[in-house]
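Trainee: The chain contents come next:
Number of protein chains: 2
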Amino acid sequence: MALKIEVITIGDEILSGNIVDTNFAWIGDQLWSRGYDLFWHTTVADDSERIREALLFAAQRSQVVLVTGGLGPTTDDITLRSAAEAFGVAYEHSETAFHIVKRFFEKTGREMSPNNRLQAFLPQGGEVMENDVGTAPGCHFHFQKTDFFFMPGVPQEMKPQVQNTVIPFLQKQSPSQFCYRFFRCYGLPEAQFDQKLRQVEALQKIPGLRLAYRVSFPEIFIKISSNEPGQAEARVVQAAQIIQEQIGAYIYAEGDNPIEKVVGQLLRERKQTLALAESCTGGFVSDKITDVSGSSEYFERGIVTYSNRSKIELLGVSEELIAKHGAVSAEVALAMAAGIQKVSGTDYGIGITGIAGPTGATADKPLGTVHIALAYPGGVKERKFQFFRDRHWFKVFTTHAALHILRRKILGLGKD
Amino acid sequence: MALKIEVITIGDEILSGNIVDTNFAWIGDQLWSRGYDLFWHTTVADDSERIREALLFAAQRSQVVLVTGGLGPTTDDITLRSAAEAFGVAYEHSETAFHIVKRFFEKTGREMSPNNRLQAFLPQGGEVMENDVGTAPGCHFHFQKTDFFFMPGVPQEMKPQVQNTVIPFLQKQSPSQFCYRFFRCYGLPEAQFDQKLRQVEALQKIPGLRLAYRVSFPEIFIKISSNEPGQAEARVVQAAQIIQEQIGAYIYAEGDNPIEKVVGQLLRERKQTLALAESCTGGFVSDKITDVSGSSEYFERGIVTYSNRSKIELLGVSEELIAKHGAVSAEVALAMAAGIQKVSGTDYGIGITGIAGPTGATADKPLGTVHIALAYPGGVKERKFQFFRDRHWFKVFTTHAALHILRRKILGLGKD
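As given, the protein sequences belong to chains A and B, one line each in that order. The end of the first sequence is residue 406 by this note's numbering, with every number in the run present. The end of the second sequence is residue 406 by this note's numbering, with every number in the run present.
Hints were generated in silico from the structure; no laboratory data involved. Be careful, since some hints might not be right.
Intra- or inter-copy, both count: the list cannot distinguish identical chains.
Okay, derived cross-link-like pairs now, DSS-like style, lysine-lysine, Cα gap no bigger than 30 Å in a straight line [unchecked claim]: (1) 97 x 374; (2) 261 x 314; (3) 355 x 251; (4) 92 x 186; (5) 251 x 314.
All chains should be built: construct the whole structure from the sequences, respecting the hints.
Mentor: As structure tokens, this is what we get:
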């Protein structure tokens, strides 16, 4: 029988839309990835009556409740006091909690304010949860049949408490030999991956296999997991093999390896180098490439040639070529790619030119037209795409297309 | 008496952390900005029992309930069927709803699947809500003392329904002469703005003034509003004046005008131009600048000089200067700014060099050291900063610092 687990988020700033509640998504993902399901989530304001109501509802229906927010030093932070009222116990000073608060101030050399002393108050009988990175100790409280875990709303304080206290607790309550894999795919929409995989009977038949999609445009991530007792790893290995057979051509990495890291790793391994000539993406491709630590080993330079003059001066694109075909053309993209490869002396050169909009479109070059060219050792190639939603998404889609073209060329994967 | 309004989000993909629920934050912000408060939010899975439970709880405590998700054409989409069960009415075909579904397919030239016909089913007595941009009509249902608005989870379909149906409904129920302003600030942390404004008695005394902070590192947005009958505008004008007096030096814009747009507007008005030479920010500044439509009018080029060679070749920075001071130095930043200004022939040139980490730091140049130089008509200046959290945040903080330095120089605001 699966554990019933829910989350309560406390905070006016969440309800008024001033902050997006990414804590909750992170917790959901952490639990899912280990075979546990969240079945309910509530957000309430920093209001004692609401907090008590939410806690007591949760106690009726859930075995484990993760509560985030309202443990800070300000007068709005009333979560634990409200909890003590809801649970009918005293709200009292804890020496262990006070030690954690004090230790934080000693470590950081900051001065403790009288308000911070309140952070050492807990519902009587509560167990203190460690906090190495902030002032708010967490609190584990067992009420009737339910275990409550109260944690700070600050993500970097909450996350270690979930990982070091809550998850070990869940694993003790409901042990699972959990196995999990995460595939990063590019090239088809979610619905088409789903359709392809649904048709595979062998995959549908794997007992207890959990499969989910996460969309991060234009990429689709496929998560598979199993907590089949004694069989989890075998199930996941079997499923992974089927998935590779069916959609392997679209999988470019596993786990925490975005395309810019994958490409960087390929270049590093081959001791090859890259330079970029971007127009309509305005530096977005360079930005992605340099998000990877150590990218200076293979990224030589990037040029954002927003004017025709800069294309001519910096890349050696001829004025006649631009006049003849227009700045947004296959010819100019190819000249940009070859030009940046030549002037920078790198193995690969990428040239991108297009119409990011919302202005600049013509009848034969509609909004979202983009030419991506790649100069590689021994040649140069070009592809035309049509991407449009808005400027931001245009940049995102174009950048992914360019990096995937580069990856396939480095790996000699032929036509894309 | 304020309306009691809550939101219910329906969807497994939210509970498993596969999608961050940004709909909810958007709704919270829309309501807050018009003087309405959300007081409760629930997320439940695509499970009929949970959905019915959530709806009935909501009916007990709230007057208006916004429900998002589960109106699609798949078998998981059971929101309206579950609602009909919860409300004890039939779940039946609606001609009006069917018309909306059909019209969408006719307009887009796509073929309607049998599943899409199900999207025309509503709880009996429900009122259809328009949907111009997708297949799912929404549904307004009045149950006992509560008005439920069922809307699709797809943001671009949900948003017009909130704006065109829900908000007018709220304004009819609880009319408010609402007035609202939004200040974009840079240069101090939230706590310091809060402290400064709390001390101002005149501001605290304005009846019914609502003041909130939204943090978007490194910027702080201050939202003020009032729904004081007959006085809303006067209250907000009075508050805005006080805020301008107290912290005007930190306010760079109002409303939906990020710094890259503000700077672009200033350049455009003056018919001035800009070019960038970035090292550690890797194209992030160019990317921001070119996020603004029309930026090609004032943005001439950007160069990402990740190698020393590219600094020397493209910006004319001397090899000796780099050897003497190191690539990360005030001297090199100044030479980059002057170099890019010269080669591109622009009015302004920005040069940025620093240590984005996690490697590359030394004892006298710790992680996060960054030099930002600005060449302007008649001179060149430089400032050193220390920004560190990780590569991404380093880029974000550095980019904001650079754009704010540029803004102050264009406006002649003197030392920053």
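Trainee: Is it within, between, both, or neither for residue 97 and residue 374, if the alpha carbons may be no more than 30 Å apart?
Mentor: between (56 Å within a copy, 27 Å between copies)
Trainee: At 30 Å max between alpha carbons, let me know whether residue 251 reaches residue 314 within a copy, between copies, both or neither.
Mentor: neither (38 Å within a copy, 33 Å between copies)
Trainee: Check residue 355 against residue 251 for me: Cα-Cα at most 30 Å, and say if that holds within a copy, between copies, both or neither.
Mentor: Answer is between; shortest inter-copy Cα gap is 26 Å, intra-copy 33 Å.
Trainee: When no copy is named, should residue 261 and residue 314 be tagged within, between, both, or neither for a Cα gap of at most 30 Å?
Mentor: between (38 Å within a copy, 29 Å between copies)
Trainee: With identical chains, the pair residue 92 and residue 186 could be close in the same copy or across copies; at 30 Å between alpha carbons, which is it: within, between, both, or neither?
Mentor: between (57 Å within a copy, 28 Å between copies)
The structure fails hint 5 only (numbered hints given earlier).
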